[in-house]
Amino acid sequence: MDTQQKVKLADLQIEQLTKTKKHAHLTDTEVMMLVDETRMYEGVGRMFILQPKGVIHNQLLEKQRIAEEKIKELEADGNQLCAASTWQILKAASVPQYLQGRRWICLKAGS
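Residue 1 is where the sequence shown starts when you use the working numbering, and the numbers rise one by one after that.
Quick caveat, the hints were computed from the structure, so don't treat them as lab data.
Because the structure is a prediction, the values reported are computed rather than measured.
Just so it is clear, CB atoms sit at the ideal spot from N, CA and C, and this is done for glycine as well.
Warning: the hint list may mix true and false statements.
[To be verified] Across the chosen pairs, the derived CB separations fall in these ranges:
hint, residue 1, residue 2, range
1, Lys-72, Val-35, 18 to 26 Å
2, Lys-8, Thr-38, 24 to 32 Å
3, Met-40, Lys-8, 36 to 44 Å
4, Leu-50, Asp-2, 48 to 56 Å
5, Thr-20, Ile-49, 17 to 25 Å
6, Asp-2, Glu-75, 34 to 42 Å
7, Gln-5, Glu-42, 36 to 44 Å
8, Gln-51, Gln-80, 33 to 41 Å
Starting from the given sequences, assemble the full structure and let the hints guide the process.
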């Protein structure tokens with residue numbers, strides 16, 4: 001897989017994780033407004049399990065935390081990919097052109 005493709009894939013994964021994190025945050029906000037005695041169910045496969053409000057809240061916080069960690073990892077990987085790509089192009093090409101990405105600036109050989 002080409003470095004530019006890897007960077008684009010990382011960018012798409014970051015967008016998806018950002019949506020997941022936002023969805024979990026909005027859901028948690030709504031859950032916390034409910035009365036503590038409200039019956040809540042967690043979807044597990046093709047069934048639902050009755051869970052206390054605190055358990056649902058903790059699961060949503062964990063989902064947000066995991067998404068944030070993965071986003072940071074992907075951003076770091078994207079920066080490393082761009083650095084490696086830039087180094088290879090600088091060694092191979094005399095006049096590289098810049099490709100302005102959505103999150104990273106990488107050098108691109110050719111036109």
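message: Within 24 to 32 Å: is that where the Cβ-Cβ distance between Lys-8 and Thr-38 falls?
response: violated (43 Å)
Supplied distance hint 36 to 44 Å, evaluated on CB atoms of Met-40 and Lys-8: Since Met-40 and Lys-8 have Cβ atoms about 39 Å apart, the given range 36 to 44 Å holds.
query: So does Lys-72 sit 18 to 26 Å from Val-35, Cβ to Cβ?
result: Once the Cβ atoms are compared, 36 Å apart, the range 18 to 26 Å for Val-35 and Lys-72 is violated.
task: Could you see if the CB distance from Thr-20 to Ile-49 stays within 17 to 25 Å?
output: The hint (17 to 25 Å, Cβ to Cβ) holds, given that Thr-20 and Ile-49 are roughly 21 Å apart.
query: Is the distance from the Cβ of Gln-5 to the Cβ of Glu-42 consistent with 36 to 44 Å?
result: holds (37 Å)
- request: Hint says 33 to 41 Å; check whether the CB-CB distance for Gln-51 and Gln-80 agrees.
  value: holds (40 Å)
message: Given the hint of 34 to 42 Å, is the C-beta distance from Asp-2 to Glu-75 inside that range or not?
response: Roughly 19 Å apart at Cβ, these two residues miss the hinted range, so it is violated.
message: Assuming the hint says 48 to 56 Å, is it satisfied by the Cβ distance from Leu-50 to Asp-2 or not?
response: holds (49 Å)
The structure shown violates the earlier hints numbered 1, 2 and 6.
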